[in-house]
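Undergrad: If you count the sequence shown from 1, position 146 lands on 146 in our numbering, and the numbers rise without skipping.
Keep in mind the hints are simulated off the structure, nothing from the lab. Please note that a few of the clues may not be correct.
Said to hold, decoys possible - Each computed SDA-like pair below joins lysine to any residue, with the alpha-carbon atoms no more than 25 Å apart:
1. LYS97 / GLU109
2. LYS73 / GLU87
3. LYS139 / ALA124
4. LYS119 / ALA107
5. LYS97 / ALA85
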Amino acid sequence: MLSLDAWTIFFTVLNVLVLFIGLKVFLFKPVLNIIRQREEMIQNQLAEAADREKQAEQLKNDYQERLKNADQKAEDIIAMAKNRAAEERSLAVARTKEETDKMLARAREEIRMEQELAKKEVEADVAMLAMEAARKILKTGDVHDAAGN
Numbered sequence: 001m002l003s004l005d006a007w008t009i010f011f012t013v014l015n016v017l018v019l020f021i022g023l024k025v026f027l028f029k030p031v032l033n034i035i036r037q038r039e040e041m042i043q044n045q046l047a048e049a050a051d052r053e054k055q056a057e058q059l060k061n062d063y064q065e066r067l068k069n070a071d072q073k074a075e076d077i078i079a080m081a082k083n084r085a086a087e088e089r090s091l092a093v094a095r096t097k098e099e100t101d102k103m104l105a106r107a108r109e110e111i112r113m114e115q116e117l118a119k120k121e122v123e124a125d126v127a128m129l130a131m132e133a134a135r136k137i138l139k140t141g142d143v144h145d146a147a148g149n
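Start from the sequences and build out the full structure, keeping to the hints where you can.
TA: Laid out in structure tokens, this is it:
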């Protein structure tokens, strides 16, 4: 049968306590430290990933804002270009009208001068014809002959 001796129980309990303390010191603490370090590393990586996600979201928002601003600037530039083109077209039309008016005024002045010159030439021709007729009348002495020629 089995006999229970006090010393055997004492040494068995002592061996269990020494084994427990040894395992605790040499196995459980290092393993728990490694597990704690791994948990801290995972927490740090999760926090870093969350920060990077926030940064990426911020960059995305900044990009969208810049894109919106770029679209607005493009619209402003197009509007300014249209306004400038309209102004330049108006100026060109005004210059063309002004040049046309000046050309018409010059043409009218030239026509007036040509008319005056033609009028003077006609008056000179009429005066010459009158003098010739008067000369013929004086030469022949007959008014009827001069009217007949």
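Undergrad: Hints first: check each against the structure and report whether it holds.
TA: Here is what the structure says about each hint:
no., hint, result
1, LYS97 / GLU109, "holds, 18 Å"
2, LYS73 / GLU87, "holds, 21 Å"
3, LYS139 / ALA124, "holds, 22 Å"
4, LYS119 / ALA107, "holds, 18 Å"
5, LYS97 / ALA85, "holds, 18 Å"
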